[in-house]
Amino acid sequence: MKKMVVGIGVLLCLLLWFSSCGTRIDDAEQPAGTDLLEEEKELVEEGDNYIVVGISQVGSESDWRIACTESLKSTFTQENGYYLIFEDAQQKQENQLKTMRDFILQEVDYIILDPIVETGWDAVLKEAKDAGIPVILVDRQVKVSDESLYTAWVGSDFHSQGVKAGRWLENYLEEQGRGRDKIRIVTLQGTLNSTAQLGRTDGFASVMEEHDNWTMLARRDGDFTQTKGQEVMEDFLNTYPDIDVVVSENDNMTFGAIEAIEAAGKTCGPDGDIIILSFDAGRAALEAMAEGKINADFECNPNLGPEVSRIIQKLELGNQVEKFQYIRETYFDPTMDLESVIEVRTY
Amino acid sequence: MEDNAVLQMRNIHKSFPGVKALSGVDFTLRKGEIHALMGENGAGKSTLIKVLTGVYTKDEGHIYLDGHEKEVQIRSPQEAQKLGISPVYQEITLCPNLSVAENMYIGRTPGAMQNWRKMNKDADKLLKSLDIPAKATQQLSTCSLAVQQMIAIARAVDTDCKVLILDEPTSSLDEQEVEKLFKLMRDLRARGVGIIFVTHFLDQVYEVCDRITVMRDGCLVGEYEIKDLPRVQLVSKMLGKELDDLSDIHGEYKSYEKKEGELPVFEVEGLYSNAGIKPFDFHIDKGEVNGFTGLLGSGRSECVRAIFGADHVLGGKVKKNGKPVKISKPIDAMRQGIGYLPEDRKRDGIVGDLSVRDNIILAQQVLRGFLKPYSKAEADKIADEYIKLLNIKTASADTPIKSLSGGNQQKVILARWLLTHPEYLILDEPTRGIDVGTKVDIQKLVLKLASEGMSVTFISSEMDEMLRTCSRLIVMRDRKVVGELTGSDLNQTSIMSTIAGGDK
Amino acid sequence: MSKGFGSKMKNISDTNLLLTITIVVFFLMYIGAMLFLGEGFLKPQALFNILNANAALIILSCGMSIVMITGGIDISVGGVTALISMCCAVYLDKAGGSVAVSVLIALLIGLGFGLVQGFLVAYLEIQPFIVSLAGMFFARGMTTIVNTEPFNVANEAFVALKNTRIIVPGMGSVNRLGNYVDAYVEIGVIVALLIVILLFCVLKWTKLGRNFYAVGGNSQSALMLGINVKRTKFIAHLLCGILAGVGGFVYFLHVGSGSPSHASGAEMNAIASSIIGGTMLTGGVGNIIGTFFGVLSLSTIQNIVSSAGLDQAWWTGITVAAMLCLFLVIQSVVMAARKKGNVK
Amino acid sequence: MQTNETKKAGASSFLGRMVRKQVMIPLAALLLLFLFNLIVDPSFFKIELGYNSAGNPVLSGFLITILDSGSELAILAIGMTLVTAATGGQDISVGATTAIAGSVLLRVLCGTNSRPETLQAPIIVAFLVACVVAMLFGAFNGVLVAVFKIQPMIATLILYTAGRSIAAWINNNELPVVSDETLTYFGEFIPGIPIPTPFFIAVACMIVIGLVLKFTNLRLYTQAVGINENSSKLNGLNPVFIKILSFVILGLCVAVVGLIKVARISTINYSVIAKDIEMDAILAVALGGNALSGGKFNMTASIIGAYVIQCLTTTLYKFQVRSDALPAYKAIVVIVLVIVSAPVVREKFNAFMAKRKVKEAA
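Protein chains in written order, with this note's numbering: chain A, 1 to 347; chain B, 1 to 504; chain C, 1 to 344; chain D, 1 to 362.
Only chain A is shown next, with the shape it has when bound in the complex (with noise of 0.2 angstroms):
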């Protein structure tokens, strides 16, 4: 036994002393030495001619989240110059925080995280940039004490997209001769202060301050959910007998909406009772909208992927890059050629 304690502790000193070893070769400033063994000349190598990219996902939970991996990683491909290394988090951040770690470890060219949560991400970007790793955030933001813990963020602009919205909806009762009538709102509100929550609601707002005609009639939570989105919009069609237009702020929460308004016996779309906005614009919602059930739906872009490259590009070049990019988004409504949409929709 007491040789076998011995032993374990030789074995685990040597470990250390030899894994220690192999960093020192690597720190002596001679990246192609005679020294090096033929596995790590080839990661050294690896290194020269790639951009080394660790990418920590927050899983995989949604359509949309996976479509952004899979614009993540159709972007950072060995064709494109990239070498990925993806992390999926299964929602926690305490995985992310381990690859994270890893990544600092590996001494990745860049980090791409998508992040959880907002907190909790002080130690391991300080660990980060003082390793001069710079971190893309994608999708969601953080709080940080200080922003230049991290590099660039890349995401959907809700607030833009609600305004949109707004707009859309101005031009829409301008077209339809109705830009003078009394206008009664609904809003499916997704998780109460979400992101896209807070943004889409506001963005709509601000369109709606300019509109004495336009009146809110209600706003509650529905989650996100079909079900819930379902559930609120029954009461609502129990309460507000004269709804003209429905903001649902997810197309989980439409689908639950239209199956409401449907069996309460009235019409939606652009040739029934009432008008439905939609965010998300997902492949599905394009279905129902080209069935005519939808009105117009205003895109969340999951492919982030070619933005985040043409970050690290420049970054590559030594440029400066905005702080705060927010991605291309568009809209839909039945004007446009749906079919040829939904036929390249990914998600």
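The hints are simulated quantities; they were obtained by calculation from the structure and are not laboratory data. Among the hints, erroneous ones may be present.
[What the hints assert, rightly or not] Pairs of lysine-lysine residues, derived as DSSO-like cross-links and limited to a Cα-Cα distance of at most 27 angstroms, are as follows:
(1) B:LYS320 x B:LYS286
(2) A:LYS126 x C:LYS162
(3) B:LYS227 x B:LYS278
(4) C:LYS207 x B:LYS118
(5) B:LYS381 x D:LYS359
(6) B:LYS118 x B:LYS329
[Unchecked claim] One-sided and incomplete, this derived list gives chain D residues near chain C with beta-carbon spacing under 8 angstroms:
(7) MET279
(8) PRO327
(9) TYR329
[As the list claims (entries may be wrong)] Covered by chain B, according to a simulated footprint, are these stretches of chain D (three or more residues, beta-carbon under 8 angstroms):
(10) 212-218
(11) 224-231
(12) 236-245
A quick note: this is a predicted structure, and the numbers were derived from the prediction, not measured. Backbone N, C-alpha and C define an ideal beta-carbon position, used for all residues, glycine too.
Chain A is fixed; fit chains B, C and D onto it per the hints.
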């Protein structure tokens, strides 16, 4: 009484609900002797030992230690150990995953810390002094069974024991191991320890013991010096000569007439299994009742288990009506028309929670196959028929079998096999632990079945039963077939002398 | 060395044999990873990161090993950890409590689970699995009753403690900016190491520890040998509960947040670590050092799997289950082989 | 044994007679729950006929909810009862294997495209494939238990952890959505029939198992193996096979549950589908008065037990208990159940009753 007695038990009574296990048993153990406690199953040996070691509390009687100055009450195994009474059981009651030294000292040294060095030193010293071939630091499971047994003894000895009880310590040891164990026992005897030795092996008794106490049916038969009791007499004392109303049931049934040229129903050549029996040959004719006899542990059950495929058969041939058949699992045997009533009713026979009806139809249902269950009505009819036929006393066919008495449980198992209409029925101790009336019923039934052409192998610890029912006896000793008796040889004397072997 | 190796193999105890297998497997795996995957494994900090991330698991696995050595099992540890994280987080963040009291809360919760489960298993002789399954569900349910949303703790004293780093001298490395970065471990690692050493000593050099082995080896025999089997089992579950308390707090200290989904699957990882570390499911065989290496092996293999490009989330679960299956088979094969050898 | 039995019967003859009818246990629990709801809020029993979005008549109300959502549990209880009876242990991987079965089903229905316009295979084919896969996983559990002699709960712990990951793996972690109406018939309503389809499926399963128990020896074999393995071996049974068979049957039940679960939402969520259902299924078996240590079983009681659990769940939901918090309440029920049925407790209780009787007599 003797001055050098370390232990005296006087007039011990113990009964369990419905059974008188011990009635007025006396037992004396002297300093420095090896004392064999003999008797067939159910004689009361183990009850006596459990009373002595505090597992059971006696109903009546006195136990004295060190002469008769000191009467003691033994209420728990711990108390018994404190008084210097240490049992070593047949199944090793040590922990196989611990080291030898730990097994010797665990649970009986003071303090919260484990002093390995001291313990190993002490253990090595003790092992050496007892000449046990084991190292203190060895893991127990790496020792042979004999050594493990010895270590258990060493542990017992080290607790300053005066009375060492060895309950069938040799049943799983080979000859050399037994020899080692005996050497240790003799050493201990020389040190003045009184040893109670329970065994079924006669040779061993005569090799190592000084004195024998024989018990039968919960009563003391007598205490003898080893030199005063020849083997044959010992066997006859153990088996007793019970005379009851069955003296001549043979005549009631005509034995089956064997036709010319008829091959044996079953024939076995060189069969042996992983249960430790030596290869044996055996055959049985149509309508014949034969039996395996021998003391408990002689391998008689293992033989029939091998025939039935209940143990893992390692080699040998089985032929039915002259044609070879393959029997590797019980279901094979059943398909060939063999039925087997196992020795341990509770463990291998009854399915306790199931009703009498389900227990009766079980084997036949397995034979009929998965997709052909009896309907409720059929099952009821069959159950009622057999309950009536065998006179099973049960409240209804729905009663769980475990709430029946032993004899009635046995009849249910018997009914189970009769329902399969076997050509060959093996009954292993069908009469054990059941009342005399039922015993007679079962014996009569066996003869009736045989007269109808069924072949039956009947195993019993009771000689009389065997003599009454069997026309041929295969005698076993030490897991070997040592003789076969028929016709006029079928009498107590010859059986006993064959069982005893050695001196006649 | 080679001379008499066979006999040496025969004389080595089951516990030490399985321990050796574990350690050898771990070192082979780690060195293999260093050689072929390089990068992440080539700095000492890689090992320390594994320790940092798994300090809590080490502690939980220690408790699990003890229970398993006595022949029981406790699958509630993950749930208890989540409950502790949530309670402490709520207490620190919403009630503005002190760190010391939160440690106490953690220990009390662990103790509570240990007491109740130990009593039910040891004295009422209910299957440990059912008891701890109920314990697991109870703890998980309670966690969401305490608070449903995940949140980070902002309590300053706590965050300071969480960010405290213990520098390991001489193990640092120079990063690509040319700065020397110290190697460090978190406080939880120190706690875990202390517990490993402490429990190793308890199992090796105290009567209590040896009783655990005896009860697990053969509880009937242990009773005959004069050991209070019920009390021993009770203490084992109690210890496991307390260790779940400590482990729960260390986990909380590492993640710094409360969430109902915290430590999901931790019970499985703890069981897997124990088994990989050479603890037998059947009881009586096992070693805390082995458990320690079991945890390291498990997370190393997970790192290897993700470094090797199997980046999808499901691989983690499948890897753990596969490792568990593999080691169960190794155990049964090795043990069967030994038994065969002994009988002859 | 015998005397013990009679003593018990004597000690509480009335109670004994009541309890002896095993079906009484879950029925009494059900009654208790109904009574509670009747007193607190009789609207629990209200059943309404309404029309759903497709304009079909549907029944709604808490009782319908119980019948509807209890279906999965009732089906699983069937398999779980058999596994419990044969092995004396429980399968805790049913939730995870349900995820696998559902995933396979969707994979076959959707092919390589996660959003197919039309089904890539008939539902029946997909269901059969799911059945085969679920049965294979059941057999895997069974082999670990029967051949390698690992305790059932530990053996199934492997799939309990890996199952949901495997399910995600089968579909490449995509969340396929089936737009075909027919699939929803299995999880919701068939047009024109106001009673939810899962209830019919559950009834069909009950009828099937009823017929199987009537026309095969499954009950006898399983019970014999569960009560006395030695004896059943000597009676020609193959305990290994019977145990694996019980796990395979459970696998079949799991596949059916997977179909219902997937049909309910036309898609799958790997980490949530059939979550914590293993606990409920075990609870159903226990509530049915079946010994968790195996042996005799009463299928009817188990199934009623399942509906009791669902009734409890629905009642708790009605009182605004969050679904995440439910396990805590159920865990308490489990603990109370196992304590009451623990042999040690029973012995003590009987001794206590006997003492009291002696006192009364004196």
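Flag every earlier hint the structure violates by its number, smallest first. 3, 5, 6
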